[in-house]
Amino acid sequence: MTAPDLIRLSGVAKRFTKAGQGITIFDHLDMGIGRGDFVAIMGPSGSGKTTLLNLLGGIDQPTGGEIWFDGARIDRLPEGRLADWRANNVGFIFQFYNLMPTLTALRNVELPLLLTPLGRAERRQRAEIALRIVGLSDRLGHYPREMSGGQQQRVAIARAIVSDPKMLLCDEPTGDLDRGTADEILRMLQLLNREMGKTIVMVTHDPEAARYAGRILHLDKGRFVENELAGARVS
Amino acid sequence: MPRLLAQIAAVTAINVKSMPQRAWLSASTVVAVALVVAVLLSFLAMANGFEQTLRGTGSPEVAVLLRGGAGVEINSSISRDQVRLVEEAPGIARGADGRPLVSAELYVTVDGRKRAGGSKANVTLRGMGPEGAAIRPGFRIVGGRMAQPGSAELMVGQSLVREFAGFDLGSRVRIANADWTVVGVFDMGGSVFESELWADIATVQSLFRRTNVFQSIRVRLDAPDRLPALRAYLDADPRLKLDAKSEVAYFADQASSTITLIRFLGWPLAIAMAVGALAGALNTMYSAVAARAQEIATLRCLGFGGIPSFVGTLIESLLLALLGGLLGAAVTWAAFDGVTASTLGSGFTQVVFAFRLSPVLVFQGVVLALVVGLLGGLFPAWRAAHVPIVRAYGNG
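Protein sequence lines correspond, in order, to chains Z and S.
Each residue of the first sequence is one higher than the one before, counting from 1 in the working numbering.
Each residue of the second sequence is one higher than the one before, counting from 1 in the working numbering.
With the rest of the complex left out, here is chain S (with noise of 0.2 Å):
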């Protein structure tokens, strides 16, 4: 065995060193593969970065209500009475004044316009009172104040005013035939939050002509364990056909679907380039094993077997790929890492997020360039271990 592997590492070595002879056929290779994996990985980036967004959003104490089986905020309708009678409910956590920390919010989707090419997208408006704010960890004003209720002022989430324009504080912006004034802006940690518009529940409701309806209500549990009460306390009243999530599977719900959206283009796309990069692997191993063939028969005179020619010759394909796969993780890393773009949430409205490259996800954009220089290099290496001495040297 020692044997055998000094002679693979001997082919190995000099089919790595011929290397440069061929440059620009190995170059191809490479960047055939380097595009492969960064097209996969710009996906997975995506998928990674919005998942994050989405995940990172909610509280394991926050319990988030919606009308039975309505599952996002848009479909739900909850009514004061409603209200009402959750704030009895058990589990729940008081404030310092003595009062249930319950938040009945309306949602309503309002025109933005992007930043990066002015094109128009929905934001959310978000009519909650004070107790909104209060009710959610790691709220945070970075400029400005809160909104005054009864007022037609608007607090903004920092993302928003990032990705959409006209949303800086002082701005006013048109909605629902009233002028609105942006008195502050937000920072919630890059959560969901941040790409929403926050303004008094009451105004919301008057202007958008929703009066007395509310489509969920937040709740600050006394404990992340309360939420089986607070379920049951649900279940046995015939008047709150309402379910209950924790904040956090509730949005860990809301992301998959777009996730598995994201990555179900991203995989299909990265391996149909890849049979593309196949190709380009295929012909420059070929080409390899070909402008090596004295070299392989000369090996083969001397006495060195197949295996070696074989896998001297796998091993240069999958240096090629290790390459590629490299060179693709670190352009995606370098053009993508941290830049923040915006998509359709399940709420119909803009989600905005940062592509988020991470450790696995370049380990997996390796794996498939690994996979094109091993399959690329195969049926090569089974050429240089296999054909006849007397064939490679031209006389035969």
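Isolated chain Z, as found in the complex (with noise of 0.2 Å):
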């Protein structure tokens, strides 16, 4: 007997209308990421890997077919309790860091932690150890322009997983980086999956990057047209 999925995808569709014309992403699309699943998803532009990550974060809605996370429905959940959801479940890393500008490195990985019951001290405190994590115990009271694009990528992880997260959404995470600190990035990535089990999806162009994850989906215009076991890169 197999362990049920931590998300799964049901039937689900996209459609957008621009300038009259209506668009559709996804027509029909079924999927499902298990518990401590690292995944890749790889395809050419438009073909969907930003919109079906965006679903799988709830920061976008399907216009049809059905979202399940652990075991509850997410697709229909009004905004405020998505916003509650994505606090306590998902924890993104984007391609361009996105940390806030004005804010010291610690700042920026405590403020998942303002949206919890924790004092001060404690916030505090979990920040200092996801950044001791993630390398970056001597960058606490940096800004992001007096780092590198790797430490800032790494401040990002910290963020993301300093609540504790069951899964990591990464939007080429390594796609503004050169090969060297790529790998470092991926390699702790490939850490916190098999590590600290947490469930782990990437959209990326790099073939190299793909390989760090489990599995790589294939997605060409709204469907997956293969999917393969990686993992051949192992840190």
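Don't read these hints as lab results, they were simulated from the structure.
Computed from a predicted model, the values in this text were never measured in an experiment.
It is possible that part of the hints are untrue.
[As the list claims (entries may be wrong)] If you only want the chain S side, here are some residues facing chain Z, beta carbon under 10 Å, derived:
(1) Arg3
(2) Ala9
(3) Ser18
(4) Ala23
(5) Gln205
(6) Ser206
(7) Glu295
(8) Thr298
(9) Phe304
[As the list claims (entries may be wrong)] Chain S is nowhere near these chain Z residues, computed Cβ spacing over 12 Å in every case:
(10) Gly20
(11) Gly36
(12) Gly91
(13) Leu140
(14) Gly150
(15) Glu195
Just so you know, even glycine gets a beta-carbon here, dropped at the ideal spot from N, CA and C.
Please dock the two separately framed chains into a single complex, following the hints provided.
The following block contains the structure:
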């Protein structure tokens, strides 16, 4: 008997109208991602990778079908409850880090904890631990502009894991980094997956990056065309 | 609730700290609001200064008597017989010589020339006897001496000397085809009397061909509560169709119409400008929200609700408006507070007064600024709270 998926899409459709023309991104998409999976989603531009990630993260809603997370349906939640769901279950990692430029690394990482009942001291302690995990204990008081791209992405990872979400969603997390730094970041994601059990869904153009995942899904014109096991890269 | 407050504080801190990135836009809003507040406060300071001058004039122990229905001295006419009857009225204080403290006065307008700009304006020439100065509390000679009875000598209020040319001590002035000499300068605590020329009643009556005619009677009462007794005496005698008011009430009535006029000019002008400033504030805040779209979207991805974004944007707008309001108040205070000017009083003569900014006026100016900030921030704040996250990231 296999464990139920952490997240499941069933008959998901996403259509919108642009300049009077109907555009279909997905028509009837089914997929499941198991607890503790590390999945890379690849595909050409316009294939619907980012839209899929947005749907998984509850920042966009499907026009049809159902999305279930950990046994609960999330695609019809109102915005307020969806925001709470995101805060409790999802960590986001973006291509351009999306850190607050006016906050230090510590304050950036502390942001998601403002949504929890933790007090100031405990928030600070947890943010420090998260930054230690990503190897930035010596950069607590630094602002994003004072750090390299790789360091900023590590701060973003610390921010994504600080509230201990079940799932990390990464949108081209190494798209703005050189090869060496990208490998560092990918190894870190792999470690979070293997050691901390985080379920990771990563959208990428980069086949090298995708090889760090356990499974690669190829998306084209709104359909999965290939499903391969990866994991060739082991840190 | 503490969690929501912590979120609001965090979003507000992010907004405020990022203001320098939009320095010029933010500064333009601050300046626009400052101009609105400066215009409003300069009008209100003018009204306040004028009001203080007129309300500071007059004593509750002095009663002013005018022909019934005249309202102001220039419309009034009182005969010598009526003056004699008033001297017999009850409630009037008596001087050391036992004579009633009654001053029958003539009020005429003469030309003056302002020091600033040299424009001509009406000035009050008040004819009165020696008792006129005696019944006015606070009268003090600060230069020269009292005018002699029967002479063409003038005493000049020190506000009038400051504002009008040609009335300095010792000057010779041509009035009503006669040469007059300024022999004294007096202080009356900045009251409206300091905007007047005083001269001997008989000389004024003669040169202005108003022999045996007066326009007002001032009497010193035994006590302020003796006014009803005086009124009863006037009402009982059909020869005395005179109205009696305390001097305080008389000047308060005079002040109200001019003050209302100044305020009715000031507020609409300030509100018209505020509409312009509102457009500036809206532009600034919409730009701020657009510039921070990605930050707002990221916060909402993390799970922040719409309320912190809404309140944070509103607070930024209110902060800019508050800065503008305080700047406008500071500019008005530096440029106008204490500056003297003159305007037409109800007697069609110039009243010299000083602009006076008070904490209450500054509060009113800041409230107007905050209203601009609130309205200017409301719609952008709504947008910040409600734009779909995907659209904010530019991929929706």
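Now for the hints, and whether the structure bears them out:
1. Hint status for Arg3 (chain S) relative to chain Z: holds, with the closest Cβ pair at about 7 Å, below 10 Å.
2. Among the interface hints, the one on Ala9 (chain S) holds; its C-beta lies about 9 Å from the nearest C-beta in chain Z, closer than the 10 Å criterion.
3. Below 10 Å, beta-carbon pairs count as interface contacts, and Ser18 (chain S) has one with chain Z at about 5 Å; its hint therefore holds.
4. With a least beta-carbon distance of about 14 Å to chain Z, the hint placing Ala23 (chain S) at the interface is violated under the 10 Å criterion.
5. Checking Gln205 (chain S) against chain Z by beta carbon gives a least distance of about 79 Å; that is not within 10 Å, so the hint is violated.
6. Proximity of Ser206 (chain S) to chain Z is violated relative to the hint, the smallest CB-CB distance being about 81 Å (cut-off 10 Å).
7. Checking Glu295 (chain S) against chain Z by beta carbon gives a least distance of about 6 Å; that is within 10 Å, so the hint holds.
8. Because the smallest distance between the Cβ of Thr298 (chain S) and any Cβ of chain Z comes to about 4 Å, under 10 Å, the interface hint for this residue holds.
9. Taking 10 Å as the C-beta contact cut-off toward chain Z, the hint placing Phe304 (chain S) at the interface holds, the least distance being around 7 Å.
10. The beta carbon of Gly20 (chain Z) sits about 17 Å from the closest Cβ of chain S, which is more than 12 Å, so the claim that it is off the interface holds.
11. No beta-carbon of chain S comes within 12 Å of the beta-carbon of Gly36 (chain Z); the shortest separation is about 23 Å.
12. Under the 12 Å C-beta cut-off, the non-interface status given to Gly91 (chain Z) relative to chain S is violated; the minimum distance is some 9 Å.
13. Its beta-carbon lying about 17 Å from the closest one in chain S, Leu140 (chain Z) satisfies the requirement of being farther than 12 Å from that chain.
14. Listed as outside the interface, Gly150 (chain Z) is consistent with that label: its C-beta sits roughly 19 Å from the nearest C-beta of chain S, beyond the 12 Å cut-off.
15. Chain S leaves Glu195 (chain Z) outside its interface by the beta-carbon criterion, the shortest separation being 23 Å against a cut-off of 12 Å.
Taken one by one, the earlier hints fail for this structure at numbers 4, 5, 6, 12, listed in ascending order.
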